[in-house]
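**Student:** Letter by letter, the chains look like this.
There are 2 protein chains.
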Amino acid sequence: MSREDGKSFELRPIGVIKESDQGSVLKLFPAYLGGLKGVEEFSHLWVFYWFHEHDNAEGRAVLEVHPRKDPANPLTGVFGTRSPLRPNLIAMHLCEVREFRPEKGEILVDRLDGKAESPLIDIKPYLPYSDRAEDLRLPEWAMTPPSS
Amino acid sequence: MSREDGKSFELRPIGVIKESDQGSVLKLFPAYLGGLKGVEEFSHLWVFYWFHEHDNAEGRAVLEVHPRKDPANPLTGVFGTRSPLRPNLIAMHLCEVREFRPEKGEILVDRLDGKAESPLIDIKPYLPYSDRAEDLRLPEWAMTPPSS
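Quick note, the sequences are listed as chains L and G, same order.
Sequential numbering of the first sequence, starting at 0, is according to numbering that gives the first Met the number 0.
Sequential numbering of the second sequence, starting at 0, is according to numbering that gives the first Met the number 0.
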């Protein structure tokens, strides 16, 4: 694995994803609660976590996959997929906020099923002027959601 | 700085951002070229880099900022902003691809001005079914692009 300038960076977990009956919960560690001020004003957040199950030499060495593990999809470089196998195990997910619980350091969101216990690494607001793309060109497999 | 479970993760630069007359260039290190297969089929990519200028104890301890460094904007937790000051210095930017140069490990994109020499940490495709949010609620300062 090449690190051409010899330097790597340190990511620190800021919290953890928990499951609940109402949805997924972003649970921040106490040291980071100050970072939540005003976050309740946003309906949509980008949630970043670490694909920790693959944090090993094998998982991080993968450079090509069949998207969605479907051999019918063409072998594609990981930078053209959202595969959890990739050199840096950054997961990104757009979530809608259901409930904000700042006193507990919790944000209840939709759509993170199956990611319980994953380490949170960042939260950013969805900003319409910078996060929307129009006139897209993309391969056929990427046009529709996975049939899960 | 709290790392509640004592564990941090290692991010490895996969390349670097360069400037050119035609736009910004994502230049991957040779070891990662395999990850570009098929990426030319996407018109829009999420580019992740590291806010390396702030990789120090001070920059990573900041939890509240005035968005866009404008004191007229309310003091906001960093997780409600795109501030480069935050616990994990992950930068995310939606880019349109202008030219794909796989043999050189380069992707020419728009919109990364001023980020030359920043370390690249990931590239992901923009996927319309998961990356679009509608019916947004957000604070007033976040509704329009920064007046640069």
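Please keep in mind that the hints were generated in silico from the structure rather than gathered at the bench.
Check before you lean on any hint, since a few could be wrong.
Intra- or inter-copy, both count: the list cannot distinguish identical chains.
Unchecked claim - With a straight-line Cα cutoff of 30 Å, these simulated DSSO-like cross-link-like pairs (lysine-lysine) come out: (1) K6 to K103; (2) K36 to K114; (3) K36 to K17; (4) K103 to K68; (5) K68 to K36; (6) K17 to K6; (7) K103 to K26; (8) K6 to K36; (9) K103 to K36.
What you are looking at is a predicted structure, and each value in this text was computed from that prediction instead of being measured.
**Student:** Hint by hint, note whether the structure agrees.
**Tutor:** Okay, the hints, checked on the actual structure:
1. K6 to K103: Between copies, since 22 Å is at most 30 Å while 36 Å is not.
2. K36 to K114: both (25 Å within a copy, 28 Å between copies)
3. K36 to K17: within (21 Å within a copy, 35 Å between copies)
4. K103 to K68: Classified as between; 28 Å across copies, 38 Å inside a copy.
5. K68 to K36: between (40 Å within a copy, 16 Å between copies)
6. K17 to K6: So K17 and K6 pass the 30 Å test across copies only (18 Å; inside, 33 Å).
7. K103 to K26: Cα proximity of K103 and K26: one copy only (8 Å, versus 42 Å across).
8. K6 to K36: between (33 Å within a copy, 26 Å between copies)
9. K103 to K36: For K103 and K36, only the intra-copy Cα distance (13 Å) is at most 30 Å; the inter-copy one is 44 Å.
Hint check: no violations occur; every hint is consistent with the structure.
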